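Enquirer: Could you put together the complete structure from these sequences and hints?
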Amino acid sequence: MRIETEESKKLPVVNQPEKTNSIEGVRYVCSIGAMHTASAIPRVIPITHCGPGCADKQFMNLSFYNGFQGSGYGGGAVVPSTNATEREVVFGGADRLRELISASLEVLDADLFVVVTGCIPDLVGDDVGSVVRPFQERGVPIVYAETGGFKGNNFTGHELVTRAIIDQFVGDYAGPKEVGTVNVWSLLPYHNTFWRGDLAELKRVLEGAGLKANILFGHESGGVAEWKAIPKAQLNLVVSPWLGLATAEHLQKKYGQPYLHVPAIPIGANETSGFLRKVVQATGIDPAKAEAFIADEERRYYRYIEDFSDFYAEYWWGLPAKFATIGDAGYNLALTRFLVNQLGLIPACQIVTDNPPDEHRELIQEQFRKIAPDVSVEIAFEEDSFAIHDRIRKANFGQKPPILFGTTWERDLSRELKGAIVEVGFPASYEVVLTRSYVGYRGALQLLERIYTTAVSASA
Amino acid sequence: MPINLKSSVVESREQRLGTVVGWDGKASDLAKESAYAYGAGGGCGKKARKVCELHGPFTQGSVCSEMMVECQAGNVRDAVLIQHSPIGCGAGQVIYNSIFRNGLAMRGLPVHNLRLISTNLREKDMVFGGIDKLERSIRDAHARHAPRAIFVATSCATGIIGDDVESVTTRLGQELGIPVVPLHCEGFKSKHWSTGFDATQHGILRQIVRKNPKQKQEDLINVINLWGTDVFRPLLGELGLRVNYVIDMATVQELEQLSEAAATVTFCSTLSSYMAAALEQEFGVPEVKAPLPYGFAGTDAWIREVGRVTGRSEKAEAYIQKEHARVKPLVEELRKKLSGLKGYVSTGSAYAHAIIGVLRELGVQVDGSLVFHHDPVYDSQDPKQDSLAHLIENYGEVPYFSVGNRQQFQFYGLLQRVHPDFIIIRHNGLAPLASRLGIPAIPLGDEHHALGYQGMVNLGESILDVLAHKKFHQDLAAHTKLPYKRAWLEQKDPFVLSRPGAKRSDESAA
Chain A
1420 MRIETEESKK LPVVNQPEKT NSIEGVRYVC SIGAMHTASA IPRVIPITHC GPGCADKQFM
1480 NLSFYNGFQG SGYGGGAVVP STNATEREVV FGGADRLREL ISASLEVLDA DLFVVVTGCI
1540 PDLVGDDVGS VVRPFQERGV PIVYAETGGF KGNNFTGHEL VTRAIIDQFV GDYAGPKEVG
1600 TVNVWSLLPY HNTFWRGDLA ELKRVLEGAG LKANILFGHE SGGVAEWKAI PKAQLNLVVS
1660 PWLGLATAEH LQKKYGQPYL HVPAIPIGAN ETSGFLRKVV QATGIDPAKA EAFIADEERR
1720 YYRYIEDFSD FYAEYWWGLP AKFATIGDAG YNLALTRFLV NQLGLIPACQ IVTDNPPDEH
1780 RELIQEQFRK IAPDVSVEIA FEEDSFAIHD RIRKANFGQK PPILFGTTWE RDLSRELKGA
1840 IVEVGFPASY EVVLTRSYVG YRGALQLLER IYTTAVSASA
Chain B
9 MPINLKSSVV ESREQRLGTV VGWDGKASDL AKESAYAYGA GGGCGKKARK VCELHGPFTQ
69 GSVCSEMMVE CQAGNVRDAV LIQHSPIGCG AGQVIYNSIF RNGLAMRGLP VHNLRLISTN
129 LREKDMVFGG IDKLERSIRD AHARHAPRAI FVATSCATGI IGDDVESVTT RLGQELGIPV
189 VPLHCEGFKS KHWSTGFDAT QHGILRQIVR KNPKQKQEDL INVINLWGTD VFRPLLGELG
249 LRVNYVIDMA TVQELEQLSE AAATVTFCST LSSYMAAALE QEFGVPEVKA PLPYGFAGTD
309 AWIREVGRVT GRSEKAEAYI QKEHARVKPL VEELRKKLSG LKGYVSTGSA YAHAIIGVLR
369 ELGVQVDGSL VFHHDPVYDS QDPKQDSLAH LIENYGEVPY FSVGNRQQFQ FYGLLQRVHP
429 DFIIIRHNGL APLASRLGIP AIPLGDEHHA LGYQGMVNLG ESILDVLAHK KFHQDLAAHT
489 KLPYKRAWLE QKDPFVLSRP GAKRSDESAA
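Those protein sequences? They're chains A and B, same order as listed. Take the first sequence: its letters are residues 1420 to 1879, numbered as in the working numbering. Take the second sequence: its letters are residues 9 to 518, numbered as in the working numbering.
Since the hints were made in silico from the structure, they are not lab data. As the structure is a computational prediction, the values presented were derived from the model and not from experiment. Among these hints, one or two may not hold up.
[To be verified] Using C-beta positions, here's what the derived DEER-type ranges look like: (1) A:1875 / B:326: 36 to 46 Å; (2) B:453 / A:1596: 34 to 44 Å; (3) A:1789 / B:172: 46 to 56 Å; (4) B:120 / A:1736: 27 to 37 Å; (5) A:1781 / B:453: 42 to 52 Å; (6) A:1546 / B:224: 54 to 64 Å; (7) A:1487 / B:343: 29 to 39 Å; (8) A:1487 / B:117: 23 to 33 Å; (9) A:1725 / B:120: 54 to 64 Å; (10) A:1819 / B:446: 15 to 25 Å.
[Unchecked claim] Every beta carbon over 12 Å from chain B, so not counted as near; a handful from chain A, in silico: (11) 1443; (12) 1650; (13) 1701; (14) 1721; (15) 1764; (16) 1837.
[Unchecked claim] Calculated lysine-lysine pairs in the DSBU-like style (CA-CA distance at most 30 Å, straight line): (17) A:1570 / B:489; (18) B:323 / B:345; (19) B:14 / B:222; (20) B:478 / A:1438; (21) B:489 / A:1647; (22) B:297 / B:58; (23) A:1631 / B:489; (24) A:1789 / A:1438; (25) B:493 / A:1647.
For glycine and all other residues, C-beta sits at the position ideal for the given N, C-alpha and C.
Expert: Here it is in structure tokens:
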């Protein structure tokens, strides 16, 4: 929120209205949204045990009206659902789930089924484990996670589903580790509008540096075979402020795998090169290949930055100077670092919207305090769009129009503030996103194109 | 069976109308099975239960009543909808915000975000109840937006834990001096989402519509619709009528005056059935009982009935004559271009009946259709509104007519029966499969696209446009694999798992 400059120290402290339970303009969904954690893995299909609308609702909002990402192989309208009725509420839904699983095996062609539950079975107390275990004992590739909507959001649901697959499908392993192989735990699939392109770029740079990366989700993933190989990796790589840490800690206990935590997802050459050197060092592989790759990538990156600099240095009609970022801790931190350090923009208002567990909040705040040697940012944790917009209205953007890095919820606000909006997160209902990425070397350049096309195209 | 507005809880579609969500056969057989609901067999007024419903063990995610409440009550411009639920139900804020914004833009209204607030219930609320949070959110809604009305949607979770929503809505309604309207729409309570339309309309009828209107507005006509472009105003303007569009994008004031109108019409009886019948029953606002305004036959009969009910028959006849002269040559031209094509319609129930008629006016062959549910009768219980019978009488048989709750796994087999050149859809989930089979879809997001005389021309042109899309879909079809097992795709009968005597797959289970 605040930059420690002489000017900002004079600003009055802003009083916020009392925080209530109300959430207007959702920034995340419930745990069963993690059905997308399953469908993000090639040839894996979730089976939903819930009310009739839950599966469609999660898909249409997380995937369709968020970048129009598509249903993939096993998501969207493919997803089986018990569509629970009064009968399942009164008498329990275990029999119905058993029937649905059996039928799914006949109709659907999947490498793994992931049963997730909604409010109804979790409230009436269906014993989902006792339904699923006999199938597992028969050798059916199927796991389950209890993801009732009231239990948390789709971030925590993601960790539940991930853990279910590891514990119930990947299983035990005591063999040797592959030096130089890492498992990547980073962006939340589908919720992060750009996850496919971003994960592909992370895999590309890691492999360019001489590592083997199990990217686990998206079109670059090797599907269940890659998941089965998780225990063989030398290292778990958590590239996010907090999401994935629980998984990494679990894997440390389960397989004796250490993990490396890189809170900031790298955007741009400095960040990405630094990130790669950290990973190379942690794995102990020969850095020569990484250094050659970094040199090659940086050469190309900076030629493009040079091309961009003509525009950036002498464009007549003014470009935004102060910005706000509204988004989950992961993208928010990554963007803020890039905008401050690569472009020299001034952070005016940073709001973290994914409701990170309390134990991680101090670490997240610390990361923002050291954005740059001369830039320290105080963030707000807020999930209700009404309160978020209130904070943005009260932020000091100076005389120039601000640029907001946010979501569709900020479209009206950016108009009100006569600023620009770049939709970078859920929900991004006015973006169509396939391979576009905003991270790494290549993604950073695409982000530049997006930011300044937005600014320039609105100018006349 | 009169509509009961005394209870705050709406009677579900299946209770009132004998709605089914699984059926397969000839359209004429479904019409016959439904006919008794109109008094042909079982006696008028008895609830229809004669349509035999198919149930199968395999089902894919459907849609729930609460979503329909979001997309109706949540899209009233100067109201707020509170979703009394865990945060997951709130996911719907995203889709209905986008649709609301685009709808406002299409209608030339100021574009802004919708106003939906989730009470965001957590695990401990499931134990201790969520009433305090509901009260807090109602107060937040009032303080933040000064709405003219506040709607409260229930959820599966609050239904199961038994939150006494009305204790709060009644008290705060009195305190705040605006209608605070509970809408009971737990997803598990009805097998079809259209009960959610009824739940919204029930609440509006009980607490917002003016009970004792001082005067009627004899030139005002209620149009029950969604977000469609403004086609009713110019159309009914020809008859000297002013249009009151409800419920989406209406204001609370426009909802209040529903009881003062000269008549009620719609683009789709599935949507309007409850509201239109109740307005007639409670306030004497006549529901126009005619076929829906699609194709020449339907539009003629509809406009004549609007003219008769509102005392504007002369103007109606003049309009019909004028439009016939204008549109007939255009339709003739389109018929030449479209001849030999095969279409497939997969939309909501009454709407599908209407669209099939339009396709046949255009000379397009329609051998099959999938509707998401079937109401044997609408709330008016009037045979003049029997849209399926109107279809068959005017445009003939549909040999493969299926009812299925948007089940993609069956859609593959349904398309194999008839091999259409294109499909027409509204709801999501089926076009992606068709696309992977090389078949393009016309998504009728603007529900008024095919309506009236001009609608035939619109749809004809859209068909020509979408046929060009085939290149995209056929290219995809050559490079994709469906997530269904070969054995299932080779299955000739898409309803095989639901037929009486079918081996239930759980018999082979563990």
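Enquirer: Compare the structure with each hint and give your call.
Expert: Tested hints:
1. A:1875 / B:326: 36 to 46 Å: violated, 54 Å
2. B:453 / A:1596: 34 to 44 Å: violated, 53 Å
3. A:1789 / B:172: 46 to 56 Å: holds, 51 Å
4. B:120 / A:1736: 27 to 37 Å: For residue 1736 of chain A against residue 120 of chain B, whose Cβ atoms are near 28 Å apart, the range 27 to 37 Å holds.
5. A:1781 / B:453: 42 to 52 Å: holds, 47 Å
6. A:1546 / B:224: 54 to 64 Å: At 60 Å between Cβs, range holds.
7. A:1487 / B:343: 29 to 39 Å: At roughly 35 Å between Cβ atoms, residue 343 of chain B and residue 1487 of chain A fall inside 29 to 39 Å, so the hint holds.
8. A:1487 / B:117: 23 to 33 Å: holds, 24 Å
9. A:1725 / B:120: 54 to 64 Å: violated, 42 Å
10. A:1819 / B:446: 15 to 25 Å: violated, 51 Å
11. 1443: Not fine: 5 Å to the nearest Cβ puts residue 1443 of chain A too close to chain B.
12. 1650: holds, 28 Å
13. 1701: Non-interface label on residue 1701 of chain A holds, nearest chain B Cβ at 36 Å vs cutoff 12 Å.
14. 1721: Given that every Cβ of chain B is farther than 12 Å from that of residue 1721 of chain A, nearest at about 38 Å, it holds.
15. 1764: holds, 26 Å
16. 1837: holds, 16 Å
17. A:1570 / B:489: Outside the cut-off at roughly 36 Å; violated.
18. B:323 / B:345: violated, 33 Å
19. B:14 / B:222: holds, 23 Å
20. B:478 / A:1438: violated, 52 Å
21. B:489 / A:1647: holds, 23 Å
22. B:297 / B:58: holds, 24 Å
23. A:1631 / B:489: holds, 28 Å
24. A:1789 / A:1438: holds, 27 Å
25. B:493 / A:1647: holds, 24 Å
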